[in-house]
Amino acid sequence: MIAIILAIVLGLVMISMAIAALTAYRVRAAVLASGIVSLIASIIYLLLAAPDVAMTEAAIGSGLTTIIFFYVLNKIRRSDV
Amino acid sequence: MEYLTLQNIGLVTGFMLMLIGLYGALTQKNILRIIVAFTIFDAGLNLVIVALSYIKGRVAPIIDQTTGVTNLSEKFVDPIPQALVLTSIVIGVGVTGVMLTFALRMFKTRHSLDINDFKQTKW
Amino acid sequence: MSIDWIKLLFTLLGLFIVLNYGLLQYGLIRRITARIGKRIGMPVYQPYIDLVKNYAMRSQITHGVMFYLGPVFRLVGGVGIFMFMPLIYGSYYWSNYSFAGDVILIMYFMFFGMLGMALGASEGGHPYSFIGISRGLSQFTTVEVPFTLAVIAVAVQHHSFSLTEIVAGQQGGIMHWNIMTNPFAGIAAMLAFLGMMMASPFNVVQAPQEIPIGPPTEYHGTYLGLLQTNRAILYVSESILMVNLFFGGATNWVELIVKSFCVFFWPVFVGLVFPRFRIDQSIPWFLKIPLILSIIGIFMV
Amino acid sequence: MVSPVHIVSIGLITAFLLGLGKKSQQQMLVFVLMIATAAMTMVSGSWLIGLMTGSLKPTDVFTAGFKPPFAINLRMTMDEAVLTTMVNVFGFLTVIYLFDVLKKAGKHLLSIIVVFLIGLNVVVMTRDLFNLFVFLEITSIATAGLVIIIQDSKSISAGFKFLMASSVISGILLIGIIFAYSYVGNLNIDFMTNLSMVKGGAVAVFLVMTAIILESKQFPANGWALDMYESAHPAIGSALSAVSAPAILFVVYKLMPMVPENWHPVIGLLGLITFAFSNFLATRQENIRRMLGYSSVAQGGLMLTVVAMSVYFGQSFWFIILGFLLTNFFAKAGLFWLNGIVNSDDQNKWGILRKRPVLFFLFGVFVVAMAGLPPFPTFFAKWEMIMQLAQGNGWGWIVLILLGSIFEIAFLFKWFGRVFHAVKDQPAEPVIPWFKEFPVMLFGAGILATSYYFIKYQQFDNLFVLIPLLIVAAFVVIDFLPAFIKNILLIAALTFYGYIIYPEIKGNIMQLVFMSVFLVGGILTLIPGFATKGTRAGFYPFAAMTIFGLIMLVNPGDNLTFFMGWEQMALGSYILILRGKKAERPAQQYMLFSAGGAYLMLAAFGMLPHFAGDTFFGNLSGLIPGAGVVFVLFALGFMLKTAAIGLHIWLPGAYSEAEDDATPLVSGVLINAGVLGLFWIVTSFGPQQLFGYDIFQLMGWIGAITAIGGNMLAIYEEDMKRLIAYSSVGAMGYIIFALSMDSKLGLLIALYYMVLHFIYKTMLFMSAAGVIYRTKTRNMYEMGGLIKSMPWSFIVVLIGIITLAGMPPLAGFAGKWMFYNAVVMKGWYLQGTMVFFSGIVAFLYLYKLIASVFLGQLKDNHRRVKEAPFVYLLPQFIFVIAIMVLSIFPQVLLEPLATIIPDRVPGEAILWDGRLAMTSFGYWNAFAVMTTVIVMFATIFLWLTYHSRKAQKVKQFNIVFAAERPFRPETTHVSYNMFAGYKKALGWLMTPLATQFWTGISDWSTAIADKVRSWYTGNGQTYAMHLLLYAFVLYLLISGGKIL
Amino acid sequence: MYKNMFIILLLAGFGLLLGSFLLTHHEYLSLPQLPAYYADNTAPEVGAANVVTAVVVTYRGFDTLGEVTILFVAASLIAMFLKHSKAPRHDRHPRPSSVILSTSQKLLFPLIVLFGAYVFANGHLTPGGGFQGGAIIATGFLLLLMANPQAEFKHGLLNAIESISGTSYVIIGILGAILGLGFLDNRFISLGQLGTLFSAGAIPVIYSLIGLKVGAELSNILHHLNEVQNEE
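Chains as they are written, first to last, in the working numbering: chain A, 1 to 81; chain B, 1 to 123; chain C, 1 to 301; chain D, 1 to 1044; chain E, 1 to 232.
Just so you know, the hints here were simulated from the structure itself, not pulled from any lab data.
By construction, the Cβ of each residue, glycine as well, lies at the ideal position given by its N, Cα and C atoms.
Treat the hints with care, since some could be wrong.
[As the list claims (entries may be wrong)] Just so you have them, the derived chain C footprint on chain D, three or more residues with Cβ under 8 Å:
| # | segment |
| --- | --- |
| 1 | 830-837 |
| 2 | 930-939 |
| 3 | 981-994 |
Construct all of the structure, not just a fragment, from the sequences and the given hints.
Next comes the structure, spelled out in structure tokens:
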């Protein structure tokens, strides 16, 4: 039951983060938000008995992707990114 | 209440993320945001897949002391979707990386990140 | 095929009669026309004088082969129409060479002379002859339409294209004439006949300087003589055609001459009354009234 | 035997090892790549050969050693062998073709290329759904990498659009896969055929299928693909088109077993819509690469249809799909590669190819093959497809296919024509490296070889199909010889062919008549060719093709041969017309109308088996319900060739702009093909009704109007050849009218006129050719007085026009006489009068023709003009003799012709009493008329000659002119605007309604195409949305609005 | 705006489609045949404790090969796309990294790499494997980059690692086909004792190679992104 409540909460946070990612003023924030979405996803994966996936998501989906994003953002120096 | 299972929560959340991601991909003007939206779509998709592998009350498909070596098919969750998601995540990062490089180059050619500025070819 | 020499003789005799008749008729008509116009006019025998004079002329020139052949074609056309037409109903010897073909042959043979003449005149190179020819051909195309329809109407009525048959069908009194049994076709044909004769009001084709038919400026001497000969024969032949088609034909020479004279007088009469049409007026005219009449005529059958 | 999996391992090892390479070793790396692709080719090729010869059995490769569904398995059967071989051969050639690019590009590109090939190979071979997904992704990313070989802003943004689209597609696919898994519990295609039966499983099938269909670039959700085609390097475009698309379609094929039966037509229809619309839009394309892109997409659509309907097509499936697949493979790749060689998307720049005969020839081969004309595989595939569809009453489908095909022909031949006439001020001798030429030539050889096997597979009658084709091929090969040798050879070939064919057909007078018209016409029209100097490259193969195409029509034996002959003739004559100096547009029109007619016929051929079984035309006499439609389609098809009014606008341009001495062939001879067809249907169908209306009645009116229209239009022509051309329209109207009377006399007239028209029209065109050859102009107002320098030509024209006009005593009168009898017997007075009127109208233009060219004043610049060359005159006088014989003894022709007419046809025939022809209405004795006229003529002529023997010849300037030099000299020529009065009076009759109509259609289609293609906004996002929209609509179509 | 509404409608339709899945789908009560087979037979057949790993590396090893290839082709594409500018170095405006970063990097990098190696080498026993391990290694590399943005890396080394590990992977796959039962079969090396490091036949080898390769590829991507000329 706790797992379910936790899952619901995490799910809601994910969805709101996703919406935040689309509405954020700065692209950086959007990228960060999407990184958080991935991160939370990896927690949910743990709840769903998928530790392998959780690790991968955390390392790649959340970590690396965000890093690559920031690299690119750094290369594009603009006020609104 | 009977629908309020972990799997269904995962599925619904995943679907929502997919839709949000798609909406973003179809409405955002900034190329980088479009890519962000696609990653959200991917995340939702992966969540759906993993959620499908889940069976209530079972454990991760890894043999250890707690599971023993017998009757594993009644103890484990489905390993296949998990394997698929592994692949899917890696593919996702590959595609995202490629798209980002494209975005970088597109920005270099036109000094813009607006998707509407890249309509050199049409009709 | 053995040649029937006696028939040939009769045909030539007929040709001679028709030639004389044509010349006299022409003179007479000119005379009458002049009288109506309050002029004295030329003597009736004037065409003979013209003819003889022209044949006797000595200084002759030619622009080339086709110029030379033009009058030949023309006269062949005229004589041909005569040759292929039965003159007197019921007479073997006076049926000429009508065994070679029916009314269609005659209708198409009219073009023969015209074409040759047109070509001959063209070779002269004078622009006016081109203009005249273009007018003549233009008008002729539209004249032929109602006429052909009328002929078809008659042919259908008698179930034959053969002139002999058609004449045969009209025997037995004036009420059997096609002009009576099928007045629409008859009238249409008579209107078309006006154009065929190129008489006023449809004589813009022959308007003085632009004349391909009749004595043009280019043609003189023998050429002109040939053309005049042709005119005499052709006009009479066409009249006879009309007689055969619509006025019951003729069983003897007198009847033939009387009838054809009357038929011939019709365009003269009209010409005296009406002013000349321009070419672009005459074309639609032929495609209106005569055409409609002939169509009615054909559906009457 | 090497396991197919080693295609992958070889490739991957190469790809990975390439990473070790250094910059300085780049050239070596390229060779390594070459060797690797060659090795891959050998593996798949050896499987292909092994499977074909039967030495190998179809195999499954079990990866990891577990049987499916426990592990992924790759399959290698004939299908996979073909496709992987295609992919790998193509890869090998691409590496060669891109040699210069790759030498500079760096090792990464090499890796990407080989990974791309691996991706495609596995996509073809794998039987696992998720594995398919993975390798599709590989292919996608590799494609994105290949698109940016040219790193310009266009290709980069196109690549990005592609990535967006493929993200959406792969999302849909993955969702579908996962749904499928959750329903059936495994991922192997062979174990989920029952997927759609499971409750909810249809959704999974739908998603997977939709994704694959979207991946196959179906209209209209394919903007991304088009942009890619437009901006990518041509070699890459060719890869996308030639191997990517087939691989995806093969996936569709693999997945079809799990698709419910009732979806097949929907998917098929979507493919056809793509085919029709993409081709339609391609007509508006100026950019070559984008046009080829549209074309590729269209081909993909067509193949999707075939694949989707594979169950329906049954036995013929492989034949059809291979036809499309291989043609697309060879031809599209070849065209893209040529684009790379020319290195320009501007059609006018393609003139470079004209300097390279071999490349240009291959270009033509590719275009023709794409367009689906014989003898290339698409032609047979399309035929078979339509026959199959017709059996299932798929008329709507047929309409779409034919529409698409006609658009396809439109843009392909527009392009071809443009290139043919491209300005030649290109760099003198373009340097084309061997490695660019080699693949093109190889693929050219490939398509020719494929065609050969397709023809062989059909098992045609050798004498009527194979020998002609071989002769044509031989003339292609010997095209470098001087013209006169080829001329002799072709005439000899035709004569010889006539010799061997005669025993085959001598029992059948109809075939004999048409065969002799085509053969004799062919030979005689070739004779003037002796006057040309040089090699006259490209003329003889197509002259041969035209003539032999015509010959194939005569004794076809089956419908396919007839149609093949028809198309072949159209193609050959198209080229002959195109060779004219200003013939680009007319030839294009000609092609379009020809193709339109051909496709109408094709549809009719599809319907025919419903009524007649498999036999050629069969016994169709009597009223069969519904046969009227077939009849109308055929009639329209043939009347397009005979240029019935409304369908005639291609004719004057095509005939007049063709090379002068080729015109007699394409007009006088060729037009009889239409007559042949019409005669065939009229006799075999008999009277038919359409919606209760008698079709013959309608045809009669069409004929009458055509006769008037054609002749009316001829009157006002200032151009000699156009005038004669319009006269052909009129004559054809006459024939159509005669045929539609459906009486013994009527058919006889048609046949007689066919022969006669052939004689005098060929003669007139040759005469015109001779005049034009000498005067170098076609405008009649620039001529005049040529009788003096060209008397022989004049005589020919004079006889020609007397015959044409139907004046006694020449042969034309026979037609007129029979005509009157027939009309009166039939009772079609009004139509008859119209035709008659047209006959008189003919006098006007005939007079104009002869008078303004040969009579009147000689022009200054023509003073030194000589008589036309002997080789021009010779055939003309052969025709003159023929006319004379026919004039005196018409029964020589008329009696045999009368035996052709079947007994079924009502009405009375001509009775012959010696030389006297009789009907119940009239009579006519040609001999007597001729004799009389000759005697009269001779008498008068001799008398005149005697009388005016001293006539003095007048020189030209003996006539006084008084005129100033006007601004436009031609306006003072008497023949200019000659029948002005007539025009004023009857000009309204020739309001160019037909031209307006067709121009309108063209304008409208342009406008619509512009509207439709504005759908492709160029915005990647919009394209992504299209994908979803497409999926949505597809869902509605499949489900009918209900939940699946 | 209408366009957005339209897209929302479209997505609503898509959502309905997905929703219909929720309606028809039911959570498994027991595993279907195929995953049940994996669960039961992984240990005896493949010898891996981690069933997911067994599926990834052996049963669906071909997928994984593809996956590696995807990363490879993506890395190649990025490398090709972001060719190093030929502009001289001094054009750039170096921003020295903080002292903390540069010192911690020296300490952390080996640790991170070691951890990554641990993750992939134990992939058949515990959660984790080549991809995760590779990503971790790449993170270490990232640290390196951040500490020395201007450092000249021998990406030849990265390339060599990538190439050799990739090639070895394929060769092991071929060995599986020759010595074992099929391409990528892990059983040509003895399966060993379940649950120990040297068990599960070739799986640890393969996963290590994958780990190395993925690590090298991801590092390469980061490296190339780092090298690309900064936008003015």
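Status of the hints after comparison with the structure:
Note: the segment 830-837 of chain D has 5 residues with beta-carbon separation from chain C under 8 Å; the three-residue rule is met and the coverage holds. Residue count for the segment 930-939 of chain D with a Cβ under 8 Å from a Cβ of chain C: 4. That meets the three needed, and the coverage hint holds. Counting residues of the segment 981-994 of chain D whose C-beta lies closer than 8 Å to any C-beta of chain C gives 5; at least three are required, and the coverage claim holds.
No hint from the list above goes unmet by this structure.
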